[in-house]
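Student: Work the whole structure out from these sequences, hints included.
Number of protein chains: 2
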Amino acid sequence: MSESPVSQEPPIYRRIADGLRTRILAGELRDGDRLPGENTLMAEHAIARATARQALAVLINEGLAVPKRGSGVYVRLFKPIRRHGSRRLSREQWGQGRAIWDADTRGRPFTVDEVEIVRQPAAPDVAAALDADEVWVRRRRYLVDARPVQLASSYFPAEVVEGSAITLHDTGPGGVYARLGDLGLPPAHFTEEVRARMPRPPETDLLDLPGGTPVIEVSRTAFTASGRPVEVNRMVLDSAAYILQYDFDA
Amino acid sequence: MSESPVSQEPPIYRRIADGLRTRILAGELRDGDRLPGENTLMAEHAIARATARQALAVLINEGLAVPKRGSGVYVRLFKPIRRHGSRRLSREQWGQGRAIWDADTRGRPFTVDEVEIVRQPAAPDVAAALDADEVWVRRRRYLVDARPVQLASSYFPAEVVEGSAITLHDTGPGGVYARLGDLGLPPAHFTEEVRARMPRPPETDLLDLPGGTPVIEVSRTAFTASGRPVEVNRMVLDSAAYILQYDFDA
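These protein sequences, in sequence, are chains A and B. When we follow the UniProt record's numbering, the leftmost residue of the first sequence carries the number 1, and every step to the right adds one. When we follow the UniProt record's numbering, the leftmost residue of the second sequence carries the number 1, and every step to the right adds one.
Each hint should be verified, as a subset may be incorrect.
Stated by the list, open to error - One side only, chain B facing chain A, incomplete, derived with CB under 8 angstroms: (1) Ser90; (2) Ser164; (3) Arg200; (4) Pro201; (5) Ile243; (6) Asp247; (7) Asp249.
Stated by the list, open to error - To spell it out: a stretch of chain B is covered by chain A in this simulated footprint if at least three of its residues, at any positions, have a beta carbon under 8 angstroms from a beta carbon of chain A; those stretches are: (8) 40 to 52; (9) 57 to 69; (10) 189 to 198.
Read the hints as simulated data drawn from the structure, not as lab findings. Beta carbons are placed, not taken as given, at the ideal position from N, Cα and C, and that holds for glycine.
Tutor: The structure is reproduced here in structure tokens:
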């Protein structure tokens with residue numbers, strides 16, 4: 001498809017964007033570098049301001065650049081977090097008291113903020129997934145290198161986890177999965193559903209997303225060996241910050 | 001976080017968008033229904049045209065609605081394709097001569113067009129992944145229910161597959177994986193990397209994406225039992241058309 005002849009010359013703003021993209025992907029323009037401003041592009045290419053703005057908007061929309069108010073447009077190549085779907089959730093990980101999040105960040109500084117833990121009636125979809133009317137919800141936001149990268153809400157059947165450390169701020173070594181193990185319900189199987197979409201207004205604010213950055217939605221259900229669902233985790237990820245990796249056999 | 005008190009009343013265009021979103025998600029407004037037009041929203045809420053436009057833009061950006069030129073904005077809830085990461089690539093599937101694509105679409109009509117098959121020098125990243133300087137590339141576009149949903153480019157080490165049906169339009173029963181099996185190199189392990197981003201200009205055209213629709217990028221490498229890479233497949237998916245599912249054990 002890319003080999004087929006083009007029927008038309010692409011518009012000038014696209015050609016300018018193509019040129020800048022090539023320089024970014026080749027490493028000539030690097031993370032944090034300021035892109036040529038509107039005035040520079042106008043003078044260099046003898047174009048109108050609106051055209052220069054369009055060219056920069058292409059790169060912003062692709063997540064390769066980010067505007068900073070009153071200061072210009074900058075290359076943004078945050079080193080993405082490689083989130084390893086299966087390895088990170090291996091029993092070896094939480095069974096030995098390690099935090100799952102350590103597997104993702106590999107030593108990069110991360111923090112968890114805005115932790116909210118409440119018992120509440122389950123929304124219809126969560127109630128159906130967990131076969132429970134009431135849930136304990138753990139909501140939090142993760143930051144890596146001081147940048148917010150993920151919102152997560154974990155739901156547990158309230159009757160099952162009531163009185164356990166899953167309802168506390170400090171869940172203890174190995175976290176919620178180790179505690180489910182203490183309750184005789186260790187997770188044995190996981191299903192993750194992955195989608196992408198544009199963020200909704202509160203997500204844009206909480207993840208500090210520049211315009212044109214989609215989010216990845218991961219919805220995971222944890223099941224015991226006998227197939228009983230014990231957790232639903234709804235995650236919203238800044239797509240520019242993540243690569244999701246899944247390994248499996250034929 | 002969603003429970004925390006709001007410090008400010010949201011602007012009117014957001015409240016209008018919220019109301020329409022609720023009606024869509026509740027099923028009151030259905031796939032293909034026309035949303036209230038700018039004039040209707042202006043009269044109903046006593047707002048300016050720009051405000052009405054902003055409200056509709058919110059839903060378009062979230063992928064819940066799509067503008068049709070000169071005709072209005074319509075609900076778009078295409079029944080997503082559930083792409084099952086591991087099951088679809090099981091040896092049972094291609095070993096018995098079935099097409100992998102059948103596992104995804106479950107009887108929905110699908111077509112493959114724009115198939116291009118060429119031998120060419122490998123780009124640096126593909127060369128590194130396959131340990132090969134020259135590759136055979138199979139490029140195609142998939143359509144489901146007559147809607148383009150995926151672009152895919154499969155790369156094979158040219159020396160390995162030269163002269164096999166992998167270089168032909170008709171790869172025979174079981175497709176390229178069965179043919180790699182014939183060559184003594186059946187895939188045993190797969191790694192998929194999943195990202196999301198805004199589409200690049202040719203992708204917007206080929207996938208017929210409305211504004212504000214991100215794409216999911218899946219990059220898969222197939223390895224033999226001895227760890228030899230035999231295929232790299234770069235896929236670009238319309239995010240509004242797909243749910244990716246991955247199952248794994250603790």
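Student: Each hint needs a verdict: does it hold in this structure or not?
Tutor: We went through each hint and held it up to the structure:
1. For the restraint placing Ser90 (chain B) at the interface with chain A, the shortest Cβ-Cβ distance is roughly 6 angstroms, inside the 8 angstroms limit, so the hint holds.
2. For Ser164 (chain B), the interface hint is violated, the least distance from its beta-carbon to any beta-carbon of chain A being 19 angstroms, above 8 angstroms.
3. Given hint, Arg200 (chain B) at the interface with chain A, holds; its Cβ is 6 angstroms from that chain's nearest Cβ, closer than 8 angstroms.
4. Among the interface hints, the one on Pro201 (chain B) holds; its C-beta lies about 6 angstroms from the nearest C-beta in chain A, closer than the 8 angstroms criterion.
5. A least Cβ separation of about 5 angstroms between Ile243 (chain B) and chain A falls short of the 8 angstroms threshold, and the interface hint therefore holds.
6. At about 5 angstroms, the closest approach between the beta carbon of Asp247 (chain B) and any beta carbon in chain A falls short of 8 angstroms, and the interface hint on this residue holds.
7. At its closest, the beta carbon of Asp249 (chain B) sits 6 angstroms from a beta carbon of chain A; the interface hint therefore holds under the 8 angstroms criterion.
8. With a threshold of 8 angstroms between beta carbons, the proposed coverage of the stretch 40 to 52 of chain B by chain A is violated, since 0 of its residues qualify and at least three are required.
9. For the stretch 57 to 69 of chain B, the assignment as covered by chain A holds, since 4 residues bring a beta-carbon within under 8 angstroms of that chain's beta-carbons and 3 suffice.
10. Counting residues of the stretch 189 to 198 of chain B whose beta carbon lies closer than 8 angstroms to any beta carbon of chain A gives 10, which reaches the threshold of three, so the coverage claim holds.
In this structure, the hints that do not hold are numbers 2, 8, in rising order.
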